[in-house]
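**Q** Residues per chain, in single letters:
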Amino acid sequence: MSSVSKSAAAVPEHKSTAKAQAFKRGILYALPDWVMIIVLFFVPIVLLVIMACSRWSLLGGNRGTNFPDNFVKVFEHKLFWPSIGFTLEYTVIVTIFLLVLGLGMALIVQESTKWNNVLRTCFLLPSATGLASASLLFYALYSPQVGPITKILSTLGLMQEGGSVLATGQSALWATIIVIVWRFSGYYMLLMMIGLQAIPGDLYEAARMDGAGTWRIFRSITLPLMKPTIVMCLVYCVTGSILAFDQFFILTKGGPNNSTMTVVQLIYNFAFDSKKDLGMAAALSLVVLIALVIINSIQMRGMRDNTK
Amino acid sequence: MTTPLWKRVIARILEALLALIFISPLIWVVISSFSPQPGSAQSKGWGVANYLTLFGYQEGLPKYLFNSIIVSLVAVVFSVVVCTLAGYSFSRFDYPGRNLGFMVTLSILMVPYASLLIPLMVWFKDIGLNDTLLGVGLVITLFQLPMSTFIMRNAFDAIPKDMEEAAMVDGCNSFQALFKILVPVVKPSMVTVGLLAFLEAWNNFMIPLYLSSSAKSTLPLAMVNMRQQTMGVIDYGATEAGVVVLLIPCAILFLALQKYYVKGFMAGAVKG
Numbered sequence: 001m002s003s004v005s006k007s008a009a010a011v012p013e014h015k016s017t018a019k020a021q022a023f024k025r026g027i028l029y030a031l032p033d034w035v036m037i038i039v040l041f042f043v044p045i046v047l048l049v050i051m052a053c054s055r056w057s058l059l060g061g062n063r064g065t066n067f068p069d070n071f072v073k074v075f076e077h078k079l080f081w082p083s084i085g086f087t088l089e090y091t092v093i094v095t096i097f098l099l100v101l102g103l104g105m106a107l108i109v110q111e112s113t114k115w116n117n118v119l120r121t122c123f124l125l126p127s128a129t130g131l132a133s134a135s136l137l138f139y140a141l142y143s144p145q146v147g148p149i150t151k152i153l154s155t156l157g158l159m160q161e162g163g164s165v166l167a168t169g170q171s172a173l174w175a176t177i178i179v180i181v182w183r184f185s186g187y188y189m190l191l192m193m194i195g196l197q198a199i200p201g202d203l204y205e206a207a208r209m210d211g212a213g214t215w216r217i218f219r220s221i222t223l224p225l226m227k228p229t230i231v232m233c234l235v236y237c238v239t240g241s242i243l244a245f246d247q248f249f250i251l252t253k254g255g256p257n258n259s260t261m262t263v264v265q266l267i268y269n270f271a272f273d274s275k276k277d278l279g280m281a282a283a284l285s286l287v288v289l290i291a292l293v294i295i296n297s298i299q300m301r302g303m304r305d306n307t308k
Numbered sequence: 001m002t003t004p005l006w007k008r009v010i011a012r013i014l015e016a017l018l019a020l021i022f023i024s025p026l027i028w029v030v031i032s033s034f035s036p037q038p039g040s041a042q043s044k045g046w047g048v049a050n051y052l053t054l055f056g057y058q059e060g061l062p063k064y065l066f067n068s069i070i071v072s073l074v075a076v077v078f079s080v081v082v083c084t085l086a087g088y089s090f091s092r093f094d095y096p097g098r099n100l101g102f103m104v105t106l107s108i109l110m111v112p113y114a115s116l117l118i119p120l121m122v123w124f125k126d127i128g129l130n131d132t133l134l135g136v137g138l139v140i141t142l143f144q145l146p147m148s149t150f151i152m153r154n155a156f157d158a159i160p161k162d163m164e165e166a167a168m169v170d171g172c173n174s175f176q177a178l179f180k181i182l183v184p185v186v187k188p189s190m191v192t193v194g195l196l197a198f199l200e201a202w203n204n205f206m207i208p209l210y211l212s213s214s215a216k217s218t219l220p221l222a223m224v225n226m227r228q229q230t231m232g233v234i235d236y237g238a239t240e241a242g243v244v245v246l247l248i249p250c251a252i253l254f255l256a257l258q259k260y261y262v263k264g265f266m267a268g269a270v271k272g
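Same order as they appear, the protein sequences are chains E and B.
The first sequence lines up with residues 1 to 308 when you count with the UniProt record's numbering.
The second sequence lines up with residues 1 to 272 when you count with the UniProt record's numbering.
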């Protein structure tokens, strides 16, 4: 990244005009990127801070500064802490499932054979679907009217007939986790597979010659060498799960009784449903943004130490 | 190393079962969208009545398809053009602010779009992008920038510098060199960037949810709205048909361009 040439000291005159030309062109080619970043990224961030510190209702617009009222209202809201707790619970469960399954599936299909290529495609196909379409698909799959899941569960005696898996908080959480695991396992399999393929084959061979068994090889070679990849997947998975929205919005809308309300859903709820208060929604958005930047930088530091 | 045959057979069966678990929801939704179901338009016999319901829903399926296509087109074109130019700039030119530009572009990854939608809603009203397909497409593009610029910069980095220098000696300027010499070489990466942008734009739900009215809904948003409006008597048949319509282009593009899709992941993996 920092490969900027240091030979600028002794350039002859005609070269320095060429250099000025290159300057101008370089900036010109990056210009569209900069314009988009300034208009759609910097301005909204500044506006976010302003809104978070203002009395700003959905319909009434800006009515002047009121810092720190919005933050106080957010922190004191009865759903704030429960939504954080629920989001973290969801994040931990999803992360464990996806990392274990991703690594397991990658180990199954890592060798490139015809059969494994078919398996890979099957595992990956759900990743091509959108999160919203996947959630809608499972919404139908879970429905007592048309979906087979309720019928299967009630035949097994695990559920009342005509009930719905989305009816209680706990089962709705697990039903949503299944959607996410179905949608994202292939994605993490692919990332893990790329990591596995980077491990030199002779390491395995040497270990096998020394008489190491499969489990021993996995523990002493695969796992330590996969650490950077696993940490990277962890970062993706944790940040993605903390921002969970689509799946819960579509499957449960935060219900029943707000028991599946995630933090990002609460932003939407403040803005359009319960409060119609954009100031509060902006304040919570800002809290989420700062939390995520902190989490990201901690994790990236961890990643850098790991790859050394 | 030889594994006994029976072990291999059992492994194959288990693997096949696992694969089946993964694709069975997709197969189920396609079949049941055509099958007879009580409470849907297709209540007797097999047929396409669910799709016809979808056609007539509110503004009609063609309208929502049109919206989705325009948003996807905006996202694909802007992502490919902006990221190719930016990747070229960050890879080939040496000027103050180059590293800053690249770092700022990557820093978008740190900020979740969920936290920018509230100010974007207000800001778009000020600059006239409120409730436009262009506006939605541009926001989706913004969040494609970090990964895609990274992919394009790497693609340019992999080309030896003498290639365009030779062209410049022949009298090409940097723009011509880019188009005639470099673009053909980095085309696979441009396909990856375009594919990632399309999948994101076609599937994104949350950005249109905040920024679009019902007339400007993209297909995923329209499908979710349809389900909510008929709360109580949900037309699952039409929902299934909608899911199928949403899945088809993704599945086709994915199967046809799987190589490029995997390449995009490689870029993501290298980033760590």
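Hints listed in this document are in silico derivations from the structure and should not be mistaken for laboratory results.
Honestly, I wouldn't trust all of these hints.
To be verified - List of simulated lysine-lysine pairs, DSBU-like, C-alpha gap at most 35 Å:
no., chain 1, residue 1, chain 2, residue 2
1, B, K125, E, K275
2, B, K263, B, K161
3, B, K187, B, K7
4, B, K7, E, K227
5, B, K161, B, K7
6, E, K114, B, K44
7, E, K78, E, K227
8, E, K114, B, K125
9, E, K227, B, K187
10, B, K259, E, K276
11, B, K161, B, K44
12, B, K187, B, K263
13, B, K63, B, K44
14, B, K125, E, K73
15, B, K161, E, K253
16, E, K73, E, K276
As the structure is a prediction and not an experimental result, all values here were calculated from the model.
**Q** If a hint holds in the structure, say so; if it doesn't, say that too.
**A** Hints, one by one, checked against the model:
1. B:K125 to E:K275: holds (21 Å)
2. B:K263 to B:K161: Distance ~23 Å between K263 of chain B and K161 of chain B Cα, so the pair holds.
3. B:K187 to B:K7: Measuring from Cα to Cα gives roughly 45 Å; hence the hint is violated.
4. B:K7 to E:K227: Satisfied, since the Cα-Cα distance of roughly 30 Å is no more than 35 Å.
5. B:K161 to B:K7: Violated: K161 of chain B and K7 of chain B sit about 53 Å apart, past 35 Å.
6. E:K114 to B:K44: violated (42 Å)
7. E:K78 to E:K227: violated (40 Å)
8. E:K114 to B:K125: The given pair, whose Cα atoms are some 54 Å apart, is violated under the 35 Å limit.
9. E:K227 to B:K187: Answer holds: K227 of chain E to K187 of chain B is near 33 Å, not above 35 Å.
10. B:K259 to E:K276: Not satisfied, since the Cα-Cα distance of roughly 46 Å exceeds 35 Å.
11. B:K161 to B:K44: It is violated: about 67 Å lies between the C-alpha atoms, which goes past 35 Å.
12. B:K187 to B:K263: Holds, at roughly 13 Å.
13. B:K63 to B:K44: This hinted pair holds, its Cα atoms lying about 28 Å apart.
14. B:K125 to E:K73: Roughly 26 Å between the alpha carbons, so the hint for K125 of chain B and K73 of chain E holds.
15. B:K161 to E:K253: violated (54 Å)
16. E:K73 to E:K276: The given pair, whose Cα atoms are some 13 Å apart, holds under the 35 Å limit.
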